[in-house]
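Trainee: Listed below are the residues making up each chain.
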Amino acid sequence: MSPRAILARAAPVLACLGLLAVWQIASLALNNDSFPTAIEAIRAIPSILGDKEALINIAASLRRMAIGFGLAVAMSIPLGLMMGRSRTVASFFNPLLMVIYPVPKAALMPIIMLWLGVGDIAKTLVIFLGVSLPVIYHSFEGAKAVEEKMLWSGAAMGLSAPRRLIRIVLPAALPEILTGCRTGLVLALITMITSEMIARQSGAGNILFNALDMGQYDTVFAMIIIVGAMGIGLDALFERMRARLVKWSEPQFDIPLSFS
Amino acid sequence: MTVSPSRSSVQAGPAPEKKPASAMIEIDHVSQVFQTSGRQNHLALSDISLTVEDGAFVSILGPSGCGKSTLLYIVGGFVNPTEGAARMKGGAITGPGPDRGPVFQEFALFPWKSVLGNVMYGPRQQGVRPADAEAQSRALIEMVGLKGFEDFYPKELSGGMKQRVALARTLAYHPAVLLMDEPFGALDAHTRTRLQNDLLNIWERDRKTVLFVTHSVEEAVFLSDKVVMMTRSPGRIRQIVDIDLPRPRRRTELLLDPRYQKYLVDIERMFDDSDETELRP
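Just so you know, the sequences run in chain order R and A.
Residue numbers for the first sequence, in numbering that gives the first Met the number 0: 0 to 259.
Residue numbers for the second sequence, in numbering that gives the first Met the number 0: 0 to 280.
Please note that a few of the clues may not be correct.
A few chain R residues that don't get close to chain A, going by computed Cβ distances all over 12 Å [what the hints assert, rightly or not]:
(1) K51
(2) L128
(3) L150
Below are the EDC-like pairs computed for lysine to aspartate or glutamate, each with C-alpha atoms no more than 20 Å apart in a straight line [unchecked claim]:
(4) R:K51 - R:D234
(5) A:K112 - A:E52
(6) A:K146 - A:D98
(7) A:K154 - R:E147
(8) A:K112 - R:E147
(9) A:K207 - A:D46
(10) A:K225 - A:E105
(11) R:K148 - A:E105
(12) A:K261 - A:D272
(13) A:K154 - A:E105
(14) A:K112 - A:D98
(15) A:K88 - A:D131
(16) A:K88 - A:D205
(17) A:K207 - A:D197
(18) A:K207 - A:E155
(19) R:K246 - A:D150
(20) A:K225 - A:D205
(21) R:K148 - A:D98
(22) A:K112 - R:E146
(23) R:K143 - A:E105
(24) A:K225 - A:D243
(25) A:K207 - A:D53
(26) R:K246 - A:D272
(27) A:K154 - R:D217
(28) R:K246 - A:D197
(29) A:K112 - A:D131
Simulated restraints, written as ranges between beta carbons of each label pair [as the list claims (entries may be wrong)]:
(30) A:G158 - R:K246: 18 to 26 Å
(31) A:A130 - R:I66: 35 to 43 Å
(32) R:A73 - A:G158: 56 to 64 Å
(33) A:F33 - R:P94: 24 to 32 Å
(34) R:I165 - A:R193: 31 to 39 Å
Because the hints were derived from the structure by calculation, they are not lab data.
For clarity, every value in this text was computed on a predicted model and none was experimentally measured.
By construction, the Cβ of each residue, glycine as well, lies at the ideal position given by its N, Cα and C atoms.
Working from the sequences, and respecting the hints, build out all of it.
Mentor: See below:
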């Protein structure tokens with residue numbers, strides 16, 4: 000490998016190290032109790048990951064996130080595709096979605112808590128809402144952009160309209176759909192934490208904000224690192240799957256957008 | 000105005016009273032109106048009647064915007080005519096079907112499928128067993144000159160190769176009629192010539208009925224038994240010219256053939272005449 004290629008591969012790691020270095024220097028310079036150094040925060044990570052209680056909390060968060068994300072994707076893709084291919088369906092759902100889209104989903108949390116309590120259902124529902132909109136939107140755009148002649152070719156082969164939706168519109172729109180899912184995955188993580196911030200009962204967000212209340216700032220920052228690492232890990236995993244599924248599609252970027 | 004190509008220049012007009020037994024496609028007083036944004040109705044096709052016989056290679060020739068592609072889409076069942084009807088082997092055309100195989104200028108390949116996957120798509124859809132579909136498809140891919148590219152994705156192919164795949168994909172489900180919508184219009188001159196030659200070679204093996212839309216006079220005369228000339232806005236049939244040139248046709252021979260040259264000149268002149276009449280109020 001040429002030095003250039005090595006540098007390109009190492010760039011994400013170097014970026015992270017750089018960020019930690021800036022943090023370390025800034026923290027030392029500010030010398031503020033509520034802003035621990037990067038090294039102090041990293042030192043607090045093993046004690047969180049070694050604590051059974053904390054691990055149960057994080058696992059509960061991830062379970063809610065997986066269920067919310069999975070349900071949202073399963074419902075949003077068919078809806079988005081139908082909107083993209085049917086003017087009637089689109090003109091019915093579009094105004095509804097445009098009203099809901101800009102509302103921060105976590106802002107609905109207090110109301111949802113009134114209806115459904117502070118348990119898993121309320122939090123999963125908020126994650127579901129957060130993930131749904133980008134996935135619907137991108138599926139909709141992807142389905143709209145499918146070449147008419149491609150559908151005609153399928154129709155000439157004898158594919159009925161519902162089969163064309165599954166066998167042609169879905170694969171043709173898949174790159175766009177997966178872009179939506181990737182955005183959805185990040186939003187799932189964000190809404191997961193914010194929902195736990197509002198409905199404190201369990202979860203990764205609960206650990207973070209409890210530590211904040213108790214002034215354990217190294218734990219707070221350690222949790223931020225853990226959540227960030229979860230984000231990077233999930234995104235890298237998703238990006239690998241995406242690249243496999245749409246390797247047939249045009250390359251959009253030469254530089255990798257994640258750690259995959 | 001004279002029509003020199005000696006044999007039977009059929010005049011466009013009312014549908015023939017007696018339908019020949021071998022009629023594959025009948026277009027019967029078809030008109031097409033499109034609603035444009037300005038709430039004005041645009042008459043794209045006006046009272047078109049045309050019969051395409053079984054095994055004939057018929058070109059629809061006209062300037063862009065004359066509705067020639069729309070006419071092809073009506074035969075394909077992709078567009079419903081505002082008035083009139085199209086029939087296939089005597090049965091009314093109500094929608095697309097595997098008896099009419101389209102080949103589009105835009106190729107319209109399935110980008111997520113390999114070359115082989117694209118060609119196998121139609122036969123698989125019709126319930127041909129995977130092994131048989133694959134064997135047939137491989138043979139077709141070889142016939143269109145793409146042996147060795149079976150596992151390539153469309154994005155990895157040039158325009159000419161894509162159109163070869165599209166042709167093989169359509170031939171794979173054995174349509175009775177090929178509907179070709181300016182299939183070589185997006186290709187460079189060299190590739191276009193090669194594909195025309197290859198199309199003729201393939202066609203001369205089984206003489207499928209072909210309806211071929213083009214705006215190139217040379218292409219229409221070189222390929223066709225019959226050239227349907229259309230006028231612009233509204234699209235009408237101006238003249239039908241029988242191309243009486245021997246087959247199999249070889250380009251190098253035809254280019255020196257005075258009969259071929261005469262067809263080209265006559266058709267060009269007819270279009271020039273109609274352009275002038277259009278200019279007159």
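Trainee: For each hint given before, does the structure comply? Return the numbers of the non-compliant ones in rising order.
Mentor: 3, 4, 5, 6, 9, 10, 14, 15, 18, 26, 27, 28 and 32
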